[in-house]
Amino acid sequence: MRTDLEAIIESLLFASDTPLTIDKIKSVLETADRKTIREALTSLAEEYESGKRGFFLAEVAGGFQVRTRPEYRQWIRRLKETRPARLSRAALETLAIIAYKQPVLRSDVEYLRGVDSGGTLRTLFERRLIRVMGRKDLPGRPMIYGTTKQFLELFDLKDLNELPALKDLKDLGETWPNDSR
Amino acid sequence: MRTDLEAIIESLLFASDTPLTIDKIKSVLETADRKTIREALTSLAEEYESGKRGFFLAEVAGGFQVRTRPEYRQWIRRLKETRPARLSRAALETLAIIAYKQPVLRSDVEYLRGVDSGGTLRTLFERRLIRVMGRKDLPGRPMIYGTTKQFLELFDLKDLNELPALKDLKDLGETWPNDSR
Amino acid sequence: MEQTQDQTPYKVHLGDLFDGPMDLLVHLVKKNEVDIYDIPIALITQQYVEYLEWMKSLNIDVAGDFLVMAATLAHIKSRMLLPTQEEEGDDEDPRMEIIRPLAEYLQLKYAAEDLMERDRLDWDVFVRRDFDGTEAWSEEEPGDLIQVGLFELIDAFQEIIKRVSPAYLWDLTPDTISVKSRISQIADILEERGSVTFQELFEAQATRGDIIVTFLAILEMAKFQLIRIMQHLESGIIRIFNE
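In order, the protein sequences belong to chains A, B and C. In case it helps, this note's numbering puts the first sequence at residues 1 to 181. In case it helps, this note's numbering puts the second sequence at residues 1001 to 1181. In case it helps, this note's numbering puts the third sequence at residues 2001 to 2243.
Everything labelled a hint here was simulated from the structure, so no lab data went into it. Positions of the beta carbon are idealized from the N, C-alpha and C atoms, including for glycine.
Straight-line C-alpha distance at most 20 Å; calculated EDC-like pairs for lysine to aspartate or glutamate: (1) B:K1167 <-> C:D2114; (2) A:K35 <-> A:D4; (3) B:K1101 <-> B:D1116; (4) A:K158 <-> C:E2192; (5) B:K1149 <-> C:D2122; (6) A:K136 <-> C:E2191; (7) B:K1052 <-> C:D2124; (8) B:K1158 <-> C:E2113; (9) B:K1167 <-> C:E2104; (10) A:K149 <-> A:E162; (11) A:K158 <-> C:D2210; (12) B:K1149 <-> C:D2114; (13) B:K1024 <-> A:E81; (14) B:K1101 <-> C:E2113; (15) B:K1158 <-> A:D156; (16) C:K2030 <-> B:D1168; (17) A:K26 <-> B:E1081; (18) B:K1101 <-> B:E1162; (19) A:K52 <-> B:E1049; (20) B:K1052 <-> C:D2119; (21) A:K136 <-> C:D2188; (22) B:K1024 <-> B:D1159; (23) A:K158 <-> C:D2188.
Chain A stretches covered by chain B per the calculated footprint, using a threshold of three residues with CB under 8 Å from any CB of chain B: (24) 4–18; (25) 43–55; (26) 61–72; (27) 153–161.
Starting from the given sequences, assemble the full structure and let the hints guide the process.
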């Protein structure tokens, strides 16, 4: 049968982003001693091992951490693959330019960003957030970029009309740069 | 006794930082049908409730999420130390207006509150508690606001239907909102 | 937060300043323990004005919103003093002008309180966050990634514009954005079907504004050579092709 202490420690383990040391747990709980805490941890670890569980108690980096079981890695990987919206700062910048200035040339993107953006464009392209809308009749026939349906889904937009205009944000007041009033 | 499916779903719930919908779980698992998944979730929820646990299964923002039990809030707050950004009274009021009146225009919010609400809307927007739902066909094409999934997550709401019903003032008699001095 | 400062409702500490006129009004109604559906308008108006004067005496800027409310209250008060023209009974109580919004505001204030009483995320309940590295298999993709929402997107663009030229700011009116949106839709259609007739593109357009937007979108696409526009010699049908 579980003790209150076990339940509280379980909630701490669950809520913590980093492995918890016994000392840390002790300092949070104030009352319990190290031995009692260790016993509670052992008891939790055994319980997690005894039945079919999605997680286990790992002893890492001098502390304890709840982790998902390695045998389910394939499912978790699939979950993460579909996880939305993690972009690097560079990708985000590039995507923002394309969203607002589309249809837009790579050279325009690079002019605005001031750096080569080939790699970033490729990433966005692979993630299907941008697409080639055509080619411009210029030397080298440069590609013209625009955003995709996936882009709209990612940002929960019905269509590009819903993309707030910078003016709208300005209307909301506060400190927008270039406020030339 | 736990099934493999329950264990796998448990690991997914543990690995996700947003509520998981049944559809999402289904798309990750491919094999299971919605009914089986729902049964597994119910069984997990019951199990979490039956013993002394640090967490429970919350049905929130259209999905399922493992959350720490509210009765242990004091310990976790001590663990986390950092305080979450608090909502000001003005922000909370504005948020309530948007939640109950959505889809709503800024001018509607300001009519109700009697004050300019640009800055507050911006704060709520930055914290992703509100979003632009579209534009109204009026001069200046003003934005129409509504609440987000994050709003539902923040206030432990399954969906907008779960918003507490507005109170009939006549029934309240002598009680007043606490925060109005 | 209960204060009982009898007779001097306008004596409020600086830190207790009100969010707005409605907030002040709620305070006065509460202070006087009156029924909001039967507000003693003369008393409340007097106290309201006293409060504004007090703020002025402290050199606190009294926002226009507060003055508008003062005028509204004074107006209601004067209408209350007038004898009712007809005894028809369909003359509404002039106080309804303020009672209705006040009641609605109060209701929403209660609602805001109800929300705060729920088990709030990161305050009463917590979830696992930031797992990169806590999965047993994790060996990949550390770092530099940020979770993005619409705000981050706009913010990123804003930052760029700041570096480049303020003139761009004014370039993006809602109208140019709807043209962009339409371009995207037309591109979708062309991607799917290869070509579309002019007619079809305009058919679904309800308003004059939409038609103009569609037209501008086609022009823009032609300018960028995203499309070829061809007219059938005999039928006269204009068709747009994916370039």
